[in-house]
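**Student:** So the protein lines, in turn, are chains A and B.
Converting from the first sequence to our numbering requires adding 7 to each position, the first position being numbered 1.
Converting from the second sequence to our numbering requires adding 7 to each position, the first position being numbered 1.
Treat the hints as calculated values from the structure; they're not laboratory data.
Some hints here could point you the wrong way.
Same chains, same label: a pair holds when it works inside one copy or across any pair of copies.
Pairs of lysine-lysine, DSBU-like flavour, derived with a Cα cap of 30 Å [what the hints assert, rightly or not]:
#1 Lys12 with Lys153
#2 Lys54 with Lys32
#3 Lys32 with Lys12
#4 Lys54 with Lys12
Number of protein chains: 2
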Amino acid sequence: MMRPKILLVEDDASLVELISYNLEKEGFDVIRTDDGEEALVLAQEDKPDLVILDWMIANLSGIEVCRRLRRAPATANLPIVMLTARAEEADRIRGLETGADDYVTKPFSPRELVARVRAVLRRLRPALSGGNLDYAGISMDTSAHKVTRDGVTVSLGPTEFRLLRHFLEHPGRVFSREQLLDAVWGRDVYVEQRTVDVHIRRLRKAVNATDNDKELPDVIRTVRSAGYALDAAPVPV
Amino acid sequence: MMRPKILLVEDDASLVELISYNLEKEGFDVIRTDDGEEALVLAQEDKPDLVILDWMIANLSGIEVCRRLRRAPATANLPIVMLTARAEEADRIRGLETGADDYVTKPFSPRELVARVRAVLRRLRPALSGGNLDYAGISMDTSAHKVTRDGVTVSLGPTEFRLLRHFLEHPGRVFSREQLLDAVWGRDVYVEQRTVDVHIRRLRKAVNATDNDKELPDVIRTVRSAGYALDAAPVPV
DNA sequence: GGCCACCGTCACATAATTGTAATAAAACCG
DNA sequence: CGGTTTTATTACAATTATGTGACGGTGGCC
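Given only the sequences and the hints, what does the whole structure look like? Please build it.
**Tutor:** The structure is reproduced here in structure tokens:
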């Protein structure tokens, strides 16, 4: 199971130490910065699984960073935990409404922060915490690397597995070939976009197959000129 | 576009009032109970979109309710916000680790509670709080690339989809063919203005069609010598 | 080395969508 | 009403996107 990657945006050096230490001890990788602009760049390029964001940081306020992260398509769904000394209600609400997923006020205990990070991730990226993913009759045990459909075991190659996992983490949502290459293959790999088609084909074949010669309804929806999505109710022709 | 349904499990009658009032004012439907066993039944049967769960309630402790909700497949993914007087760290962590999505300690402000409820729902049910466009019975989920009219799925080609999205982003407003070409096709594409008519026709056909041979009222208004607009109430004769 | 599973790419088949032109129908105007 | 302008509708051929099978390559493993 992969170690989730956390981007920590905080300018108090001693806090950075404290938080990093606790996160790493609990199985997270931590990237650090104390600069708002740099945080945006890191969020784009390193694709962390979650951001811990202090309100008071250099160059851009935390809340502004939050807003920009939400606005950029690539990071619009990145989980954000705001971290701040501001305990006033209005600020907390403002933080949450800007798109933060949780909000922790200083002083806080490192253990509670870790617990909240876990709670957010468990929700948004169940695969990271070794949970099971279920959708449309498909069940994936991410830690055992096993997949079933309607109880029947499905066998997948490594790439098909990661592809399906990505779909299961965001059921119903359409992903372009480019997005899929980023998320499933990795950002620095160069492969043809059409390669995605081939793996979609392989995934479909595996997931829709039965032991006899019949086929189950297709769970992957092709969205012409947009990409593919995992879908419970495929469009009838 | 349904009002999200909240199950409120709380035994302090005045708090129930306070919370219900605020939630309903903010567009939620609220189901209430003060009993742990009953909460489990209601969660199963009424299928709420989120549960607000007090720690101290009759019959079963809140945390036990939480555990059982998580264990039952039907409610394993139901978002839970814990609500409690216990501010001790160990308790908060226990709450989060049991599977709560958020944890609010008394005393709290109703507005903050509502903001947290929204933050959790925004994550889990994007359809309920954003990312999709609604107008005149038409609902478009932009991230899933799905369109429904009065709940019935509408299937559109790529261009019709973009065209409808543009109309939904500016409901009621009239656009000339030139403006539509700019916005939907792109500034640097050369196509005949009349092409817009054809796509309007295709969009109308798809959106107004029913499964039988009847037709729904037209949602697109032709404005002679000006262009087209999406309109809720076409002029009756 | 030989076997096997998997991968990425290509070439071709198939299917969906597109823009245009031709024609019919409406709306407008004196 | 006749003439004119604007929009609706239909059919079609070109274009584009996706589906699919095959192939060569790579690396693990015995």
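**Student:** For each hint, tell me whether it holds in the structure or not.
**Tutor:** Against the structure, the hints:
When the C-alpha separation of Lys12 and Lys153 is checked against a cutoff of 30 Å, the pair qualifies only within one copy, where the shortest distance is 23 Å, while the shortest distance between copies is 32 Å. In the homo-oligomer, the alpha carbons of Lys54 and Lys32 lie at most 30 Å apart inside one protomer (21 Å), although the nearest pairing across protomers, at 38 Å, exceeds that limit. Proximity of Lys32 to Lys12 under the C-alpha cut-off of 30 Å is restricted to the intra-copy arrangement: shortest distance 13 Å within a copy versus 39 Å between copies. In this assembly of identical chains, the alpha carbons of Lys54 and Lys12 lie at most 30 Å apart only when taken from the same copy (8 Å versus 34 Å across copies).
Hint violations for this structure: none, all hints satisfied.
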